[in-house]
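With the hints as your guide, set chains B and C onto chain A.
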Amino acid sequence: MEITLTINDRTFKADVEPRLLLVHFIRENACLTGTHIGCETTTCGACTILLDGKAVKSCTLLAVQARGKRLTTVEGLMKNGRLHPIQEAFWEEHGLQCGYCTPGMIMAAYHLLQENPNPSDEQIRRGLEGNLCRCTGYQNIVKAIQSAAAKLA
Amino acid sequence: MAQKYLGQAIKRTEDPKLVSGLGHFVDDIKLPDLHNVCFVRSIHAHARIRGVDTSLAAALPGVVKVFTGEDCRGIGSIPCASSLQGLKVPHHPVLARNKVRYVGEPIVAVVADSLYRARDAAEAVSVDYEPLPAVVDPEQAAAPNSTFVHEEFSDNVAYVWSLVGGDVDQAFKDADRVIKQRMIHQRLVPAAMEPRGVIARFLPGEKELTLWSSTQIPHLMRTQVAIMLGLFENRVRVIAPEVGGGFGSKLNVYGEEALLGFISMQLQKPVKWIETRRENFTATIQGRGQVGDVEIAVKSDGRVLGIRYTVLADLGAYLQLLTPAIPTLTGLMLTGAYRIPNVRMDVTGVFTNKVATDAYRGAGRPEATYIIERAMDLAALEFDLDPVDVRRVNLVSKREFPYATATGLSYDSGNYEAPLKKALKISQYPRWRRHQVKERKKGRYVGVGVSTYVEICALGPSPAMPAGGWESATVRIEPTGKITILTGVSPHGQGQETSFAQIAADMLGVALEDVLVLHGDTGVVQYGIGTFGSRATAVGGTAVYGAIQKILKKGMLLAAHLLGVSRREVQFRDGKFFLKNDPTKSISLQDLALASYTARKLPPDFEPGLAAIYFYEPTNFTFPFGTHVCVVEVARETGTIKILQYVAVDDCGTIVNPLLVEGQIHGGVVQALGQAFMEEAVYDEIGQLITGEFTDYAIPRAGDVPWMQLDRTETPSPVNPLGIKGVGEAGTIGATPALVNAVVDALRPFGVRHVDMPLRPEKIWKLMQKETS
Amino acid sequence: MIPEAFEYFAPSSIQEAISLARRYGGDAKFLSGGHSLLPMMKLRLAAPKYIIDLAGIGELTQISEEGDSLKIGALVTHKAIETSDEIQSRCRLLAEAAFEIGDPQVRSCGTIGGSVAHADPAADYPAALLALDAEVRIEGPSGGRSVRASDFFVDLFTTALQQGELLVAIHVPVLAHNVGTAYKKLRQQASGFALVSAAAVVAKDEGGKCTHIAVGISGVGPKAFRASKVEESLLGKTLTEKNITNASHHVTASVDVQNDIHASAEYRSAMADLFAKNAIWVAANRAE
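Protein chains in written order, with numbering that gives the first Met the number 0: chain A, 0 to 152; chain B, 0 to 772; chain C, 0 to 287.
Isolated chain A (complex conformation) (with noise of 0.2 Å):
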């Protein structure tokens, strides 16, 4: 089936297999490696993009349900070289070891800040329900998201 959607800014066109999951759309053909895969049940939220907006976890959605589309993944919050805010908040309060879990982690953070620019601790760990790290037992994240709504304010 031929699908086109468009990855930050970028307009894709390809044929794929209707059962093609987002996530592999995104990795495999636009070539989007920062989106990652680390569980087959909807519970991680490593591949969390954002989907007209609304963060959304692309391993549940198929590409051709998202056709027609406007995507953001990690890699489109870059502009002009310089990281987006909430990226730069992650690097200075220590707010990933591995990196695996990250990109999904900012992009949960970029579509929580845009609902509520001035979370709770609390607001910010039910806003962060599906997303799980390992590394870093979240307290730094949590840092980093608060530091990114001061910044962005």
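Simulated from the structure, these hints should not be mistaken for lab results.
Computed from a prediction, not measured in an experiment: that's the story for all the values here.
Every residue, glycine too, gets a C-beta built ideally from N, C-alpha and C.
Be careful, since some hints might not be right.
Stated by the list, open to error - To be clear about the criterion: a stretch of chain B counts as covered by chain C if any three or more of its residues have a C-beta under 8 Å from a C-beta of chain C, and this derived list gives those stretches:
#1 114-121
#2 685-699
As the list claims (entries may be wrong) - With a straight-line cut-off of 30 Å between C-alpha atoms, the simulated DSS-like cross-links for lysine-lysine are:
#3 B:Lys420 <-> B:Lys397
#4 B:Lys762 <-> C:Lys241
#5 A:Lys150 <-> B:Lys420
#6 B:Lys421 <-> A:Lys142
#7 B:Lys440 <-> B:Lys481
#8 B:Lys765 <-> B:Lys179
#9 B:Lys549 <-> B:Lys600
#10 B:Lys3 <-> A:Lys150
#11 C:Lys70 <-> B:Lys441
#12 B:Lys641 <-> C:Lys70
#13 B:Lys206 <-> B:Lys29
#14 A:Lys78 <-> B:Lys29
#15 B:Lys268 <-> B:Lys298
#16 C:Lys228 <-> B:Lys769
#17 B:Lys579 <-> B:Lys3
#18 A:Lys150 <-> B:Lys16
#19 A:Lys68 <-> C:Lys70
#20 B:Lys64 <-> C:Lys48
#21 B:Lys481 <-> B:Lys549
#22 B:Lys441 <-> B:Lys769
#23 A:Lys53 <-> B:Lys16
#24 B:Lys424 <-> B:Lys440
#25 C:Lys48 <-> A:Lys68
Here is chains B and C on its own, set in the frame of chain A:
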């Protein structure tokens, strides 16, 4: 040495690529003509394979070849590096033949031109099983009438190992009270966020096999894969690209690694396999898995005279790299931070029809700490003493270091009272004790848990290790003065690209940006051991230190020559070699480096270039320590636990980068919380893993975790010149008993003295259904 | 991780969707948000040969007022329900239940129609829909029909939907301002599904006597159910904490209570009592 970077909270040089999604994990590597491998894995815990029909699969579009155990007879056994006396080592094939021994054991490998087609083909393979009774429970495995996991052995006992120190029997005779408790260390799933993965590419022209693998030990893997495949080791290259967490689960050589190499050689194509999460649960090693009986001999003032631990270790069906060695680490640390002169541990390692256990963050030491720290609380309960007082009576005092333990270790340095004091102060321990009494009267149950742990780190002196415990570093000053470090450790989140650069930049007086740390590629880096056992900075960092010392020594010779003076008249500081009595006469490191490579004016017999390689062999382990205090409230209505406060005061020796140290503690504590409250690999009676996905196996989420208050003391280790001890596992080792002790303390009015982990709400709720005393 | 291959259809009308479903019968599955179906397909627990994607049917995405009820199209996402002003002000219970589903990403995609048609006994909507006495609107080859929530959930993953029928909307009543509601949930730690959840709808007269009560329970048995014994014993009574506590017993008496590694039947039953009590208590306090 300047202290511009050392000790500073420098943000990591690793991060810009990782936060931008531009890092390369195994699955991100693209190669032309890359084919995909999918596995058919056993659905039975124990079964005879009557037949395998691959004909349908082989005929599907895009399928290149289907491999069975028969096709792989030439591949050697998956290795176990442990060499305990009398250890039974079963043959461990990369693909099962005749028999399967755990759910998830690979039977068939399918190769196709896409992941989707490979999966389809794997689904089309049919395996004819004859199910056999499964050995699931370790006690059942040890029983004389049990089914055998391996028919070639006369029982399921893989080994028996004992450790004896002092006179335990006498200690128990001298005791005022003997306290006994069975303790279970449930099996855990390491669950690194990046599952395992391998790409293998054999180049027939160069006769070189390259493996990209998500591993903690690229060099050891290279050696073992070469042996398994009968290749020259120097024709095998292993690259660990970005590795998405390991926690011990990637401190191993798995069948898939050799098998992918074999397939690539057979097909002369690059091939890739990325583990699914389900495979990660069933076919990657698990942690812990001990069922033991603890006995302590106690005097009425709380002094512990001796400890006995008799344990069954649930090894699983096969021995992976370090499987049998893990419980022995428990024995070494059984006396904890305490002056306990008499100890005995007896381990029986048994085979079961489950995936192997092996190193998981802490690897044997969290078990030890849990046992002794729970035992301290049991002693306090027995004599109605404050658990802190019981610890104080037993703690090794700072005058006693180096302290020789009854288990045969020499604790390098310590001041156990210092973090205890600090943690009690931060947590306002006496206030919580008063609060607890008040709350109990209101029918609210608050508990306070303390753990004064010590752990064994910086693994380790080679004679005590199965495959070398040293570490290597090459340091090169390039002709332009930039510094390249090649380290034998293989960091995967710990941040040594930054911390090693900090060490080098300060020693050489250059900017941090001028230092590049390379690791994880056997084609680039000299032989090394890898990252595990909280060793990377203490051992690998010391190797970097040693290599730089060598370079500076050589640099002095050249500088003296270029400045026209004798070696003794030259000094080095802040990136410059200069005359002691006239610092205006100097040569920069950069100019010296260039001179060493252009080599126009060298001293006689001087080797051109400015590089050094150093292999550092530690003389001892290091022993970090600390105190964790946890305060919880348990809800009687639901059994849910709320953490009111968590304080961790850790001492990991000299700190290179406090940001990284705190990150390690945070993560470690939360993994401990996972074990204490949530996680358990549950198998049913036929050996099926019921908690085989994240939807059934809970690892902590952001909302499950308390805000942790961290502080530290710094007691340098005398073992290495930088004084570093290591911190990778401290959180996991120190926190588990603090968490459990807090909950058990809260349950005291219900007559509870011990609860086995995980302390899930239902378990707690049941204990709180009776009347309080 | 990889679903089996299937043929994909994207109809643009309900009629077209239904005729496709009729043509392919049991081999076809409707796809709405896909957050129940795709996870099963990825694990190959489901392998439909034909997927009928409903996303192109615009009318299924609407929330509208119809008489004294709100009509929520099958494709309305959990997120939209959680944040819709209309639902928050007129049927807060449903918004509260939606907020408890999965996680933010799941709520962005998952839909009420998909969830309700899937009929997971531990899902959040069923308890709320039962307590609200909601109606499920169904279209099929032989026309449309409405089914009361209490008749819709038949058994474990089984509903009143016949083959080829499509759930098109959920009708929930617009609640009077004096009606109090509450949704209380105990999560299964790993999946986030309900070990137990309770939805309560309560009204009381000026003297504080209960004039209406409906309590739906999820997570406990093979399907969500109404705690009718509890309702009966509270109706007409003053809603004191003591009365509520006394009534909230044996919630699961006539139910085949689930017993699994996540919770024993005993614990689930006790928690059903507790969460029913808590939900009723909060709802009673919110009622005016």
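Below or equal to 30 Å on CA atoms is what counts here, so check Lys481 (chain B) against Lys549 (chain B).
-> holds, 17 Å
For the pair supplied as a hint, Lys78 (chain A) and Lys29 (chain B), is the alpha-carbon distance within the 30 Å limit?
-> Holds. Lys78 (chain A) to Lys29 (chain B) sits at ~26 Å (cutoff 30 Å).
Pair hint Lys268 (chain B) and Lys298 (chain B), alpha-carbon separation not exceeding 30 Å = violated, 69 Å
Going straight from one Cα to the other, do Lys53 (chain A) and Lys16 (chain B) come out at no more than 30 Å?
-> holds, 24 Å
Lys549 (chain B) paired with Lys600 (chain B) [C-alpha distance capped at 30 Å] | At roughly 20 Å apart (the allowed maximum being 30 Å), Lys600 (chain B) and Lys549 (chain B) satisfy the hint.
Between Lys765 (chain B) and Lys179 (chain B), does the CA-CA distance stay at or below 30 Å?
-> holds, 23 Å
With a cut-off of 30 Å on the C-alpha distance, tell me whether Lys762 (chain B) and Lys241 (chain C) pass.
-> holds, 27 Å
Given hint Lys142 (chain A) paired with Lys421 (chain B) - CA-CA distance at most 30 Å | holds, 24 Å
Agreement of Lys641 (chain B) and Lys70 (chain C) with the hint, judged by alpha carbon distance not exceeding 30 Å | violated, 40 Å
Are the Cα atoms of Lys441 (chain B) and Lys769 (chain B) separated by 30 Å or less?
-> Roughly 16 Å separates the two Cα atoms, so the pair holds.
With a cut-off of 30 Å on the C-alpha distance, tell me whether Lys68 (chain A) and Lys70 (chain C) pass.
-> holds, 27 Å
Given pair status - Lys420 (chain B), Lys150 (chain A), alpha carbons within 30 Å = Distance ~38 Å between Lys150 (chain A) and Lys420 (chain B) Cα, so the pair is violated.
Violated hints, in rising order: 5, 7, 11, 12, 15; the structure is consistent with all others.
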